[in-house]
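Could you slot chain B onto chain A? The hints should help.
2 protein chains.
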Amino acid sequence: MNTRQLTELAQQLRVDSIRASAAAGSGHPTSSMSAAELMAVLLARHLRYDFDRPQHPGNDRFVLSKGHASPLLYSVYKAAGAINETELLTFRRLAGRLEGHPTPQRLPWVETATGSLGQGLPVGVGIALAGKRLDRTGYRVWVLCGDSELAEGSIWEAAEHAAYEHLDNLTAIVDVNRLGQRGPTRHGHDLDAYARRFAAFGWHTIEIDGHDVDAVDRAYGEAESTRGQPTVILARTLKGKGVESVQDREGLHGKPLKDADEAIAELGGVRDIHVEAPQPPAARMLHAVRTGHLELPRYEIGDEVATRNAYGQALAGLGTARGDIVALDGEVSDSTRAEFFAKEHPDRFFECYIAEQQLVAAAVGLAARGWVPYASTFAAFLTRAYDFIRMASISGAGINLVGSHAGVSIGQDGPSQMGLEDLAMMRATHGSTVLYPCDANQTAKLVGTMAGLHGIRYLRTSRGETPVIYSPTEEFPVGGSKVLRASDTDRLTVVAAGITVHEALKAAEALDREGIQVRVIDLYSVKPVDRRTLREAAEQTGCLLTVEDHREEGGIGDAVLDAFLDGRPMPRLVRLAVRTMPGSATPEEQLREAGIDAQAIAAAGRLLVEHAVVR
Amino acid sequence: MNTRQLTELAQQLRVDSIRASAAAGSGHPTSSMSAAELMAVLLARHLRYDFDRPQHPGNDRFVLSKGHASPLLYSVYKAAGAINETELLTFRRLAGRLEGHPTPQRLPWVETATGSLGQGLPVGVGIALAGKRLDRTGYRVWVLCGDSELAEGSIWEAAEHAAYEHLDNLTAIVDVNRLGQRGPTRHGHDLDAYARRFAAFGWHTIEIDGHDVDAVDRAYGEAESTRGQPTVILARTLKGKGVESVQDREGLHGKPLKDADEAIAELGGVRDIHVEAPQPPAARMLHAVRTGHLELPRYEIGDEVATRNAYGQALAGLGTARGDIVALDGEVSDSTRAEFFAKEHPDRFFECYIAEQQLVAAAVGLAARGWVPYASTFAAFLTRAYDFIRMASISGAGINLVGSHAGVSIGQDGPSQMGLEDLAMMRATHGSTVLYPCDANQTAKLVGTMAGLHGIRYLRTSRGETPVIYSPTEEFPVGGSKVLRASDTDRLTVVAAGITVHEALKAAEALDREGIQVRVIDLYSVKPVDRRTLREAAEQTGCLLTVEDHREEGGIGDAVLDAFLDGRPMPRLVRLAVRTMPGSATPEEQLREAGIDAQAIAAAGRLLVEHAVVR
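If you read the protein sequences in the order shown, they are chains A and B. No gaps in the numbering here: position 266 of the first sequence is 417 in the numbering used here, and each next residue is one more. No gaps in the numbering here: position 564 of the second sequence is 715 in the numbering used here, and each next residue is one more.
With the rest of the complex left out, here is chain A:
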């Protein structure tokens, strides 16, 4: 395509963006119009992509970080023949594929869900890491960013990571249209301001007029030939470019054009240009996934082993058995024990330093390329990445997250290091699986099981050593639980998980000595929860006591209730959880102060069997 044809294509993308938004009665046409040339040139001359085979291993990868410019993306799909005219006009309709913000759950050409700004570039870094260090099929990763989203810290986590890893297969294209949602950005059209920042972080920078197709073409070529560092193209553009009534004007973000027909006429009318994107080179995945025999670590019953240790050892074993397992760390691998994997499989270990958003985003990017990531940090610090976890669930990304140092039982370090909200956060994540083992053999088995699940999988590990209570041959299906004590005369069921299982067992022994038989359930699968066993226990023992090293909202207590919300009668129920703000203290003191140790369980159990009001 020559200059005139590229310009025509750009006008078509504008017109189609306006038409789609007009048909929907909502959407972001002006944010699409600023980047029309950027996308036209990319599609026609640089993006090597087979739209019929989105899984082609040689395909370049494109991420729309400014996800609200979806009309532009769908117009590109139409120009490439991937969708037709009719579908374009189903934009934002119920049950359609063309959502307000693109998601891979609906469209095979979308790598990751966007719409929360500042996430596309970090995920693009993950894909580029896969390309550079693992897949090695030579694909490039192109990310179209908005200028507003450069205010997000996650962009600079990505910038740091990409430059440090010399990701010269990554190009960020920034559509500097000067206007955010409510008004001008901090830096307006000052491209130098952005260039200084990216250059300082180690990127190659190019500044261009984003409406000059030849300049855009040259910039892409320069990016392709730059070695050893990622490139950012800073493109000066106008929001709403090409239509006088909206061009470069405030107050029009996220609004269809008032008079679409007039605007389309001003842009030269509807066109039907079809573009064949450059074809990807023949390529074959190098990671023909080796699947050998899985040797998990085995622990002796009665030994004292921290579940975080079992996690690290099991992950290392899993990595040996499966060539598609990768691990990511937030600069705490000595604490989470991901270091065991790092030592055995350094080629598949990714150090993300203290940047939890990039940690999760890199996992999402690696998963998009077919790898099976385990990303671990302290459970507390996964809260840093909650928006990324939320968006990963919209993507349907298959990632494993592992949070160590759960609960008050970590001891002296105090509340800033304690994961006390992680179960609530992870349970509320759509389609998630939440696992919380209490011993080393159980942990090892669950680490292996996680690899085969869908969606977001979360494993919660503990800092301190706990006794091994299960044999290495025991199985732990997701959605199951273990009844650790039971008799026909049980008057109470204690439901626990992780550290509190051991406290519950001690409490049950104490109550037994008083003549109160207690059932104990190890609820290692917090989501999905074992409704059948819980309901059976409730029917047989009459009342339930849950105990957890977590805030009372959203954790194990709420998970248990989930078994009873079907309109049938519910059991009597009491919940023990962390209700105060802990300080520094020994692990034993912490459990006691929080009222979740054996003594507290026994005390609450006594009241409950006596039908006293417990609160």
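Don't take every hint at face value.
No copy is singled out in the list; a pair is fine if it fits within one copy or between any two copies.
Result set (DMTMM-like, lysine to aspartate or glutamate): computed pairs, CA atoms no more than 20 Å apart in a straight line [claimed, not checked]:
hint : residue 1 : residue 2
1    : Lys283    : Asp412
2    : Lys494    : Glu373
3    : Lys657    : Asp343
4    : Lys633    : Glu451
5    : Lys633    : Asp423
6    : Lys657    : Glu744
7    : Lys406    : Asp485
8    : Lys283    : Glu455
9    : Lys406    : Glu616
10   : Lys283    : Glu373
11   : Lys409    : Asp399
12   : Lys657    : Glu375
Hints in this document: simulated from the structure, not taken from any laboratory.
Leaving out everything else, chain B in the frame of chain A:
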């Protein structure tokens, strides 16, 4: 103090850090030792601070962003005479004040809780904003950062914000000791790498040897005299400086020294130097808080008004009545309606652009200086700041967070923009208050009430218009609820909040026509929850149906259950919530697809009164 005395003081701080950690048997002495000169010089010659009067309006403010270096901070307090020798050795003990990571809940000289890295500088920016734009008593803000934490994106949100606001009252001191927790940082001792980044963001940069007290002193002086931009001092240091066996060595993070006595001898023994910090200048708060009559907006019953609009209008009115109210925006004030406040009170409005971590951190910083902040963005995007919200609760910070665009009912924009996990996240936050109004008058009243509460207050608003159902004179106490329909023959109670209140009322009317009387409760106070009214309704109607525009985990359904977890018999209960992944659709279609509209409520209600299993 002269050079020799400063050096001696630094050695004392090292020795005391080692002693405190040895007494505790845990802690981070080596991370403390690297910054001993940086703190000695600050305390003795630059920090204008009256330890007897931490609330003195002229006091400089110090934030330990690398919160794990708490032994150093406490050693400084001892040198300043704020704590004594005996207390120093209670480090990390149960019920002591000297926690593993410092918190203002325990110690009056701590501005904000730290321990999650990358948060001290953003909060420091908030304090500096208060100093520069509101308090104007001339205080400086000093923040001691670690080098590892510069990998956190939040640091760069802070860097951007501080430079843009010309915060020349802010100095970041970076203790570049080269070593993170598990090994070397990305940039090691390459001070230039950090300087390039900060300079690109608009900071004045100074590079020094952090163990040369004269160089440190000169750098602080240069920071004090720099106008128009914040200063960062990049100090080359050695972790564990001064003790050969640990100095500049890996694998020793967060560990007490093996032989403390030997190390102390190597450092010249225990000292007892007392330092008088420079006194703050006489100062008076300029914001003598005006408290006038609160004129809240009033809406006519039957009018259609979005609760987000009522939020903006009420906040503007609150700002007129009270001079201590400030508002912060994440570049969506036209959507959240914080723009109404911005127009009337531009001097107390803070635009944080698209940087939600900095948005919440700035609110925490402003609250630390006595201001009453309302920070608003989309509910979905508050997930970006969950770690900051978590840490704010550890600080005991009094901040108001407002999340708009709650739930699937936003319509076409799709799931990336829908707050569906926000209630779970905010309920699990310690000491939080969670409010979710359904009409404009209720919203206005709650906006006013929030200002007087403690801890983290969260208000959830909706995008679409909803009918006004309450009179402007109605009161809505926190912890209360409103029974909107009730009779002696009610067979079911529907509990709703926000948008679903209106669906519940429609469903109740439909069921009434079928001869099924239904009670409807508006649970506007989601936390704390109105236990008495819920229990009464359960006793009188036998069963409860909750319905919410939120994920089923951690929201209104779980909040309702909280009323029944005291060991007494529980009602039959069914929960309606968003269980699928929504796409784009109209608001009405979204409610229908999610199964939380009037029809779904009526259908579930019918089953429940017929004692059918609903799930």
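Hint-by-hint comparison with the structure:
no., hint, in the structure
1, Lys283 - Asp412, "neither (46 Å within a copy, 50 Å between copies)"
2, Lys494 - Glu373, "neither (38 Å within a copy, 46 Å between copies)"
3, Lys657 - Asp343, "neither (65 Å within a copy, 57 Å between copies)"
4, Lys633 - Glu451, "within (19 Å within a copy, 57 Å between copies)"
5, Lys633 - Asp423, "neither (63 Å within a copy, 58 Å between copies)"
6, Lys657 - Glu744, "within (17 Å within a copy, 47 Å between copies)"
7, Lys406 - Asp485, "between (50 Å within a copy, 13 Å between copies)"
8, Lys283 - Glu455, "neither (41 Å within a copy, 55 Å between copies)"
9, Lys406 - Glu616, "between (57 Å within a copy, 18 Å between copies)"
10, Lys283 - Glu373, "within (19 Å within a copy, 44 Å between copies)"
11, Lys409 - Asp399, "within (16 Å within a copy, 65 Å between copies)"
12, Lys657 - Glu375, "neither (64 Å within a copy, 60 Å between copies)"
Going down the numbered hints, you'll see the structure goes against 1, 2, 3, 5, 8, 12, while the others check out.
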